[in-house]
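Student: Here are the chains, one letter per residue:
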Amino acid sequence: MHRGSSRGGYGGGYMNPQQSIQRANQYQNENVITVEIYGWQRASQQDLVNFISRKTRIGLQNVIADHNSGALRGTVRNKKEADDLLRASGIQFAGDTLRIKIVDDTGIAGTNTSNTINTIEVLKTFLRNRYDINSKMLNLENMSQDQLLVSNGLFSSSATSSKFFPALMGLASKEKLAVDSVNLSNNKLNDYSKYLVELSHAFPDLKNLALANNNITKLEFFERSKNKFLKLRELVLSGNPIMNSNVHAGIIKVFPRLIVLDGQIVRDENKLNAIYSFSFPKKSMFFENPDLQKASTSFISTYLNMWDNSRLDLLQLYTSESQFSYHYDTAHIVDQTLPTHSSQGGYHSSSVHSTATWGYYMTNSRNLSRVSAPKQRMARLFKGPENISQVFRSLPKTKHSILEHPELYSVETISFPSLNGMQIVIHGEFEEVAAPEQPQQLNPPPQKGRHNRYNNNPTQNKGTLEKRSFDRSFIVVPGSNGSFIVASDMLLLKSYASNKAFLEDPIVATSTPTSTPPPPATINSGPLSGIPSTTAPSPLASVPGNPLLGAVSNFSTNSPSGTISPQQQQQQTLPPDIASKLNITQQQLVLKIMSDTRLTLEFTLMLCEQSNWNYELAGQNFASSKANLPPQAYQM
Amino acid sequence: MNDPTSKLEQFLKIILETLDQTYVTTQTTEFYKSSILPQLISQSRIIINGSPFGSRSQFQELWATLPQTQHQLLSFDAQLLPIGQGSNNQYVILARLKVRFDEAGKNRLGDCADLVPLDKVNRPLYGPWFGACLNLIVDEMINNSYNCECISSLDYRITEKPDASLFNI
Chain F
1 MHRGSSRGGY GGGYMNPQQS IQRANQYQNE NVITVEIYGW QRASQQDLVN FISRKTRIGL
61 QNVIADHNSG ALRGTVRNKK EADDLLRASG IQFAGDTLRI KIVDDTGIAG TNTSNTINTI
121 EVLKTFLRNR YDINSKMLNL ENMSQDQLLV SNGLFSSSAT SSKFFPALMG LASKEKLAVD
181 SVNLSNNKLN DYSKYLVELS HAFPDLKNLA LANNNITKLE FFERSKNKFL KLRELVLSGN
241 PIMNSNVHAG IIKVFPRLIV LDGQIVRDEN KLNAIYSFSF PKKSMFFENP DLQKASTSFI
301 STYLNMWDNS RLDLLQLYTS ESQFSYHYDT AHIVDQTLPT HSSQGGYHSS SVHSTATWGY
361 YMTNSRNLSR VSAPKQRMAR LFKGPENISQ VFRSLPKTKH SILEHPELYS VETISFPSLN
421 GMQIVIHGEF EEVAAPEQPQ QLNPPPQKGR HNRYNNNPTQ NKGTLEKRSF DRSFIVVPGS
481 NGSFIVASDM LLLKSYASNK AFLEDPIVAT STPTSTPPPP ATINSGPLSG IPSTTAPSPL
541 ASVPGNPLLG AVSNFSTNSP SGTISPQQQQ QQTLPPDIAS KLNITQQQLV LKIMSDTRLT
601 LEFTLMLCEQ SNWNYELAGQ NFASSKANLP PQAYQM
Chain R
1 MNDPTSKLEQ FLKIILETLD QTYVTTQTTE FYKSSILPQL ISQSRIIING SPFGSRSQFQ
61 ELWATLPQTQ HQLLSFDAQL LPIGQGSNNQ YVILARLKVR FDEAGKNRLG DCADLVPLDK
121 VNRPLYGPWF GACLNLIVDE MINNSYNCEC ISSLDYRITE KPDASLFNI
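As they're listed, the protein sequences go chains F and R.
The C-terminal position of the first sequence is numbered 636 in full-length UniProt numbering, with every residue numbered one higher than the one before it.
The C-terminal position of the second sequence is numbered 169 in full-length UniProt numbering, with every residue numbered one higher than the one before it.
Since the hints were derived computationally from the structure, they do not count as laboratory data.
Quick reminder that beta carbons are idealized off the backbone N, C-alpha and C, glycines included.
Watch out, some of these pointers could steer you wrong.
[As the list claims (entries may be wrong)] Restraint-style ranges between C-beta atoms, simulated for each label pair:
1. Q43(R) <-> S320(F): 31 to 39 Å
2. Y146(R) <-> D596(F): 32 to 40 Å
3. L403(F) <-> E149(R): 34 to 42 Å
4. E404(F) <-> Q43(R): 34 to 42 Å
5. D180(F) <-> D163(R): 15 to 23 Å
6. N144(R) <-> S320(F): 28 to 36 Å
7. Q43(R) <-> G263(F): 50 to 58 Å
8. D596(F) <-> E149(R): 21 to 29 Å
[Said to hold, decoys possible] Derived DSBU-like pairs (lysine-lysine); straight-line CA-CA distance at most 30 Å:
9. K228(F) <-> K194(F)
10. K120(R) <-> K194(F)
11. K7(R) <-> K383(F)
12. K228(F) <-> K106(R)
13. K120(R) <-> K207(F)
14. K98(R) <-> K375(F)
Assemble the whole structure, with the sequences as input and the hints as a guide.
Tutor: Given below as structure tokens:
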């Protein structure tokens, strides 16, 4: 409906050609930036202008040479051109090196550099005068009558007037003012004013905006700002001709979070918040119960510490049945630019869009959506300590900061009843601090084919050291001597993304959806309070006092009390000759049944064998035969 | 060579489709909710952004209140864990996804917050992509059928958040 009406309105608003040219010139002048170039004097002024045009495709305007300072001053059309030109600084020209600098990056002073500093100070003073820090309000009402601005000539010509607001908003951005509300009433704004666009650049999170008593007549004034003010809640438009038309719905559509338009409530705020919110409350940490919290936080902190400092010592957590694999994914969902450290030394700026930075990981990455050949898939799955040690050596040395900055990590821990273990999933980041100990090609070279040339590329195993994000999943089961066994370990490496997605909001939500179900188990969320403050990089299974050993004593997801008596703890070790004949699952089953039934090891083994190593069946068999068992079948 | 993971990609795509399917007004809302991840065991361990859910139906109830979503599987890895005699083996799956949400101002059941009539298009207006990590424990019975109750644990965590999104997590 509003389309028709807006087309009708638009029809009356065409400008004649002369007006169009004037508008175009005015727009062009609004954004002009002054630059200075040095080191050009071995050639003529025109040669330099031509050279710049050839090299950068930027046309210098209003060029004036100052032979005393050696500067050639000119203007470019906008900030982007100025920034592009600045990148050419250092280029060789006529046997000399050009040095380029931006003189007036707000554009307010035009070519008159001497006024620049003064003008900026005037604008800063004006901003200070009009800003209320308590209400986070910037009152820009009736600016053309402001004594400070008028006395400094900021509205003395159409050129300075047009540059004024972009420059003011540029400064406001730099000052990083916390602004929720802006009042732009009584500023003679018309349909062609670009104030709203400039405002959106400076304050994209604006919540309240007053534009009362201006001369806005068309919806296009707002549509230029579509998708700009995503948090605008209240808009005041009284005193504008547009409020006499029937385009209110169009205005509401431009601002998707608008609740109040000229005092009228146009959307149900609670409903809107629910629609634009992920209904699932965000918690950075989840532990199914306190025992798992204790066990998993100890495990994670110690594991990551050792991963960084003595990675190969972790191998004792991996048995012949343990599996490890990793993969990386180069997709960039949120752009970040990071300093990176090349393996040759020295830092340089790098966009995460580079795919050449994954060289250390390419050989064995097991992304099953890319690696489709069964042989390749199996070759990239590492089983047993010996194979796992090779791939551990082939990965860069790292530094995690979970102890110093637990807020950069997120953890979920749940029980894994099938193996009487737990699953830990951790998300976070690490720094690569050194090249791999032994970068190597563990897999046999791929068969000859059209891809072979890529695999023979000698750069494939080279990589840069970067900060990366990761997700990692562990299935951890209790070991026979009270330590942990990692049954499954999967690592996913990604380009760095911050912790914004899982960092809990500082302000707790005031209401929880009524449909939110009760949790199935104890929730323990919050910082990793269980992480010990110091974790020596020591072998996990053999050092007395290791936090993991303390944790494992509570690690029984089916223990009614969540704790195991010292006697039970003692019993959690199978004699080596028995353990050597059983796989991990069988060992866990024996220990579990011994704990549950109080049967001796001998009778437990009999029960397990008769029950085909099935826990539930063993329970049924025990229940049906326990009346006939002799007293010596039970532990003393 | 026998590849135990050969069917997982298809399985993952199917379960993501159930998260993204649109509500058709001719079906009942209860039927629609029950079609969201029916592969979950009714008492699965379900953790979404660190919040637990007691049952599949509670999860389905809440997922149906979200705006329309669109998921894409970016990468995944999986391992098959031997569980022991008498039990099926289980897959541990670690997947990277991206997901985006309809920002047209309505949820997938069509509820909106407008108090004045707005001329809205019916198609979704998707916002920017978020990154997510999906971790599943899945029974190996999926090699026989994708449409069975086979997911005993689901951990869905949004790990990357764009700046310019209307949608809050």
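Student: Now tell me if each hint is right for this structure.
Tutor: A quick look at each hint next to the structure:
no.	hint	in the structure
1	Q43(R) <-> S320(F): 31 to 39 Å	33 Å, holds
2	Y146(R) <-> D596(F): 32 to 40 Å	36 Å, holds
3	L403(F) <-> E149(R): 34 to 42 Å	41 Å, holds
4	E404(F) <-> Q43(R): 34 to 42 Å	39 Å, holds
5	D180(F) <-> D163(R): 15 to 23 Å	18 Å, holds
6	N144(R) <-> S320(F): 28 to 36 Å	29 Å, holds
7	Q43(R) <-> G263(F): 50 to 58 Å	51 Å, holds
8	D596(F) <-> E149(R): 21 to 29 Å	27 Å, holds
9	K228(F) <-> K194(F)	13 Å, holds
10	K120(R) <-> K194(F)	27 Å, holds
11	K7(R) <-> K383(F)	21 Å, holds
12	K228(F) <-> K106(R)	20 Å, holds
13	K120(R) <-> K207(F)	23 Å, holds
14	K98(R) <-> K375(F)	28 Å, holds
Figure legend: structure checked against the earlier numbered hints; every hint is met.
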